[in-house]
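Trainee: The residues making up each chain are set out below.
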Amino acid sequence: MNTVSPRSRRPRTDRHFSTGLLLMLLSVVFAVSDAQAHSLNDSYLDLTVVDASVDGRLKVGIADLEIAVGLDDNGDGTVTWGEIRQAGERIDAYWQAGLRLHNGERSCVIDGGAYRVEQLAGGPYLVIPLQGSCDPSAGALALHYDLFFDDDRSHRGIVAIDRDGTLSSHVMAPQRRSLVLEADAAGFMPTLTEFVGEGVWHIWIGIDHILFLVAMLLGVVLHQRRGGQSAAGIWRASGMETVKLVTAFTLAHSITLVLASTGQVSLPPRLVESAIALSVVVSGINILVPIFGRRHWKIAFAFGLVHGFGFANVLSDLDMPVSQFAVSLLGFNLGVETGQLAIVLVAVPLLVVLTGKPRVRRISSLVSGLAIAQVGLLWLVERGF
Amino acid sequence: MTPPGSNGMVRTARLTLRSLGTVLLILALQDSGAAGAESAGGYVPLSDDEVVAVLPEAVVALANQARRRIAADNASTPDGAVSADERALLWQKILAVYNLAVGEGSPRAYGQALALVESWPGSDPLPVAVRLVRADILQHNHQFDAALEELQEILAVDPGNSRALQMQPQVSLVAGHLDLVADQCQQLTAAGYAILALNCRAQLNGLTGNAQRALQQVEAALAAGRLPRALSFELHVTAADIARRLNASPVAIGHYRGALRLNPDSRYVAIGYAAHLLEQGQAADAARFLQTRGDLDNSLELEILRVRALLDSGQSQQAWPALAALERKIQALAQRGADQPHKLIALYALELADDPQQAHDAALANWMVQKDPSDTLVLARSAAASGHHSSLARLAGWRTRTGLQDYRLDAILAEAAP
Numbered sequence: 001m002n003t004v005s006p007r008s009r010r011p012r013t014d015r016h017f018s019t020g021l022l023l024m025l026l027s028v029v030f031a032v033s034d035a036q037a038h039s040l041n042d043s044y045l046d047l048t049v050v051d052a053s054v055d056g057r058l059k060v061g062i063a064d065l066e067i068a069v070g071l072d073d074n075g076d077g078t079v080t081w082g083e084i085r086q087a088g089e090r091i092d093a094y095w096q097a098g099l100r101l102h103n104g105e106r107s108c109v110i111d112g113g114a115y116r117v118e119q120l121a122g123g124p125y126l127v128i129p130l131q132g133s134c135d136p137s138a139g140a141l142a143l144h145y146d147l148f149f150d151d152d153r154s155h156r157g158i159v160a161i162d163r164d165g166t167l168s169s170h171v172m173a174p175q176r177r178s179l180v181l182e183a184d185a186a187g188f189m190p191t192l193t194e195f196v197g198e199g200v201w202h203i204w205i206g207i208d209h210i211l212f213l214v215a216m217l218l219g220v221v222l223h224q225r226r227g228g229q230s231a232a233g234i235w236r237a238s239g240m241e242t243v244k245l246v247t248a249f250t251l252a253h254s255i256t257l258v259l260a261s262t263g264q265v266s267l268p269p270r271l272v273e274s275a276i277a278l279s280v281v282v283s284g285i286n287i288l289v290p291i292f293g294r295r296h297w298k299i300a301f302a303f304g305l306v307h308g309f310g311f312a313n314v315l316s317d318l319d320m321p322v323s324q325f326a327v328s329l330l331g332f333n334l335g336v337e338t339g340q341l342a343i344v345l346v347a348v349p350l351l352v353v354l355t356g357k358p359r360v361r362r363i364s365s366l367v368s369g370l371a372i373a374q375v376g377l378l379w380l381v382e383r384g385f
Numbered sequence: 386m387t388p389p390g391s392n393g394m395v396r397t398a399r400l401t402l403r404s405l406g407t408v409l410l411i412l413a414l415q416d417s418g419a420a421g422a423e424s425a426g427g428y429v430p431l432s433d434d435e436v437v438a439v440l441p442e443a444v445v446a447l448a449n450q451a452r453r454r455i456a457a458d459n460a461s462t463p464d465g466a467v468s469a470d471e472r473a474l475l476w477q478k479i480l481a482v483y484n485l486a487v488g489e490g491s492p493r494a495y496g497q498a499l500a501l502v503e504s505w506p507g508s509d510p511l512p513v514a515v516r517l518v519r520a521d522i523l524q525h526n527h528q529f530d531a532a533l534e535e536l537q538e539i540l541a542v543d544p545g546n547s548r549a550l551q552m553q554p555q556v557s558l559v560a561g562h563l564d565l566v567a568d569q570c571q572q573l574t575a576a577g578y579a580i581l582a583l584n585c586r587a588q589l590n591g592l593t594g595n596a597q598r599a600l601q602q603v604e605a606a607l608a609a610g611r612l613p614r615a616l617s618f619e620l621h622v623t624a625a626d627i628a629r630r631l632n633a634s635p636v637a638i639g640h641y642r643g644a645l646r647l648n649p650d651s652r653y654v655a656i657g658y659a660a661h662l663l664e665q666g667q668a669a670d671a672a673r674f675l676q677t678r679g680d681l682d683n684s685l686e687l688e689i690l691r692v693r694a695l696l697d698s699g700q701s702q703q704a705w706p707a708l709a710a711l712e713r714k715i716q717a718l719a720q721r722g723a724d725q726p727h728k729l730i731a732l733y734a735l736e737l738a739d740d741p742q743q744a745h746d747a748a749l750a751n752w753m754v755q756k757d758p759s760d761t762l763v764l765a766r767s768a769a770a771s772g773h774h775s776s777l778a779r780l781a782g783w784r785t786r787t788g789l790q791d792y793r794l795d796a797i798l799a800e801a802a803p
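For the protein sequence lines, the chains are G and V, in the order given. Everything in the first sequence is counted per our numbering, starting at 1 for the first residue and increasing by one. Everything in the second sequence is counted per our numbering, starting at 386 for the first residue and increasing by one.
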């Protein structure tokens, strides 16, 4: 169906199938299918449902009907009006088996009218007028569309529905043969869930974001330790500072994520990635030498703005549905926050405990500070030059 | 070629014709109900003898296949058990329909081939040959990751399967999984397919900053000796594509022609060659070349190029009916929602409909799925035309990450740079 860029080639056959082997060897010599044709093999179903009455039209390709039920009786490669009329029973039986409307458990009664022929972009179509009635009290109205799929997985049913004045359109496919014609939920929850997952996944595999966050959290804990507070005070103060830091980071990267995703602001990816690497370097140095002081949350806000651009770059590489842009963006951001929160909930108690003993604190801060700063520096060189 | 100095007149004439075409198109659409939604349309033929449809050859073949299948199904064992003969017969049907799909480029045939593959008895493991067909159909349907997974499973069972080894890097390249390709080329080397491996590496190098060297290697292989036609064809195509991106037009044209001599039916090469002639301002040559092809009905991309070539070479009389028909088809395809052919829609909107915004949206949707240099270029051109700087920035990032060399992309990005 689609235009494929590569020179697609024909596969060779399994050695067990000798007849195919000859054909396939020939096919390797002459790889002829390199771009796809686009003759259309879709059907069109237009329905108007007002209260109990159903009115509409089904348009099916005569070529598709020829394959499904056989129209060309004399095998001359053409279909005449007489051949269509002769095949009327088969045609009716076919569409009535494949196209059904239900109200709850109850089937609607749909009759087909006199055929017409219409020339559409995809070739000649048979137009079948539809008329019928449903019992609206029997439950939700549902459409079952199962035409041509068994013979042709590339077939699509293009459905346009006017339900009591509300218009909607749908594409029926082999994986989607049924449709409930109630208020259009438009896939809000699945999209939200999918992008929450993407957000969580990205923060978890985004080692640069994690390193920055952990380095900042360690900086906060170390800063509190240097204040010489009691054990309870350390937990309380670290907790408070963590909340401030995480809130500032979240707010900042949310701002730039929205701005970049909506195209309001655009920065070169190289600059963004380099700046993220720089944030890792600086936060690593802060572990070794306390340069942030009490300004951790302010620094987190500043670098959070940069990380937001990084998230936006990832989001732009995902196949975000245009019609649900806001939902996707919200979901992705929620996912990032959720993933981040999980990291914070694990990291902060661990850091507080680990830094409890001065000797361990000195060694761990030295090792982690050097390691983080060095990794950040490597990224900075790699991305920036 | 369009004579120098007449560009303004040609452009004005083109715009006028487009406007006229659009008006006529709207009238035609209202009349025909091509959008399939509102038109009462249609007619009742006057007599039973009236021919209402002339069936394309592919449809006749598919219908015959379907009839034979129904007859065979009726004759099959009633208890549902599937014999070896029945499996062999099913494979023959799959192969016949699949060959038709590939040969004719018929989406119906691809759809039917997939339906047949999926009808393989569930209790039997799918033979490698059938899985290869499925992998190719998945690739055709742009399900690249699924195609790669299928190929990897085939290779787990049959590590030396040459077809799977060849398909792997092709799918990875078009899907933009360039990090996988080097290893996949190496698998070809390990399996003893030296020239295929060379071609594989050249394709990768051609996209990752070593285009000049890749071109030299391919040309050396072509010059070195007598290769089988299929391999020579592949090498010519690789060389033509790389040379085109390096702005070495005579070299590209030489290799396109070399490839077409070996396989005149290749639509991929025809598209590349015609598009290159258009890029070089040789619209009349492109139009002449495309007029000789009998497969325009099977490829809307070729048809788009033909109409563009006709318009650019001042043959507007021939262009506008084709333009109107194209628009109807594109509009109908656009109704397919997520399944619409984004690249075609982008090309049409960019080349013929003067709608860079629509072109950009479609090109971006396409680029999310496939990242061949031609996909990248369509996105770059439409982004530049519609002022989508974020897309240009993304492409600049892609170029930096991959090392892609393409003088056309470079020019667009340089012009858009602040």
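Among the hints, a few may not be true.
[As the list claims (entries may be wrong)] SDA-like mimics (lysine to any residue), calculated; alpha carbons at most 20 Å apart, straight line:
#1 Lys714(V) to Gly123(G)
#2 Lys478(V) to Gly123(G)
#3 Lys714(V) to Gly507(V)
#4 Lys714(V) to Asp150(G)
#5 Lys478(V) to Gln450(V)
#6 Lys478(V) to Asp151(G)
[Stated by the list, open to error] Take a look, some chain V residues computed to stay more than 10 Å from chain G by CB distance:
#7 Asp433
#8 Glu442
#9 Ser468
#10 Ala500
#11 Ala541
#12 Arg611
#13 Gly699
#14 Gln716
#15 Ala717
#16 Asp739
#17 His773
#18 Ala796
None of these hints come from the bench; they were simulated from the model. The model shown is predicted, which means the values in this text are computed figures rather than measured ones. All C-beta atoms in this analysis are idealised placements derived from N, C-alpha and C, irrespective of residue type, glycine included.
Trainee: Taking the hints in turn, state whether each one holds.
Mentor: We went through each hint and held it up to the structure:
no.: 1; hint: Lys714(V) to Gly123(G); verdict: holds, 10 Å
no.: 2; hint: Lys478(V) to Gly123(G); verdict: violated, 26 Å
no.: 3; hint: Lys714(V) to Gly507(V); verdict: violated, 38 Å
no.: 4; hint: Lys714(V) to Asp150(G); verdict: violated, 25 Å
no.: 5; hint: Lys478(V) to Gln450(V); verdict: holds, 7 Å
no.: 6; hint: Lys478(V) to Asp151(G); verdict: holds, 12 Å
no.: 7; hint: Asp433; verdict: violated, 3 Å
no.: 8; hint: Glu442; verdict: violated, 8 Å
no.: 9; hint: Ser468; verdict: holds, 15 Å
no.: 10; hint: Ala500; verdict: violated, 5 Å
no.: 11; hint: Ala541; verdict: holds, 15 Å
no.: 12; hint: Arg611; verdict: holds, 15 Å
no.: 13; hint: Gly699; verdict: holds, 27 Å
no.: 14; hint: Gln716; verdict: violated, 7 Å
no.: 15; hint: Ala717; verdict: violated, 4 Å
no.: 16; hint: Asp739; verdict: holds, 20 Å
no.: 17; hint: His773; verdict: violated, 7 Å
no.: 18; hint: Ala796; verdict: holds, 18 Å
When each numbered hint is compared with the structure, violations occur for hints 2, 3, 4, 7, 8, 10, 14, 15, 17.
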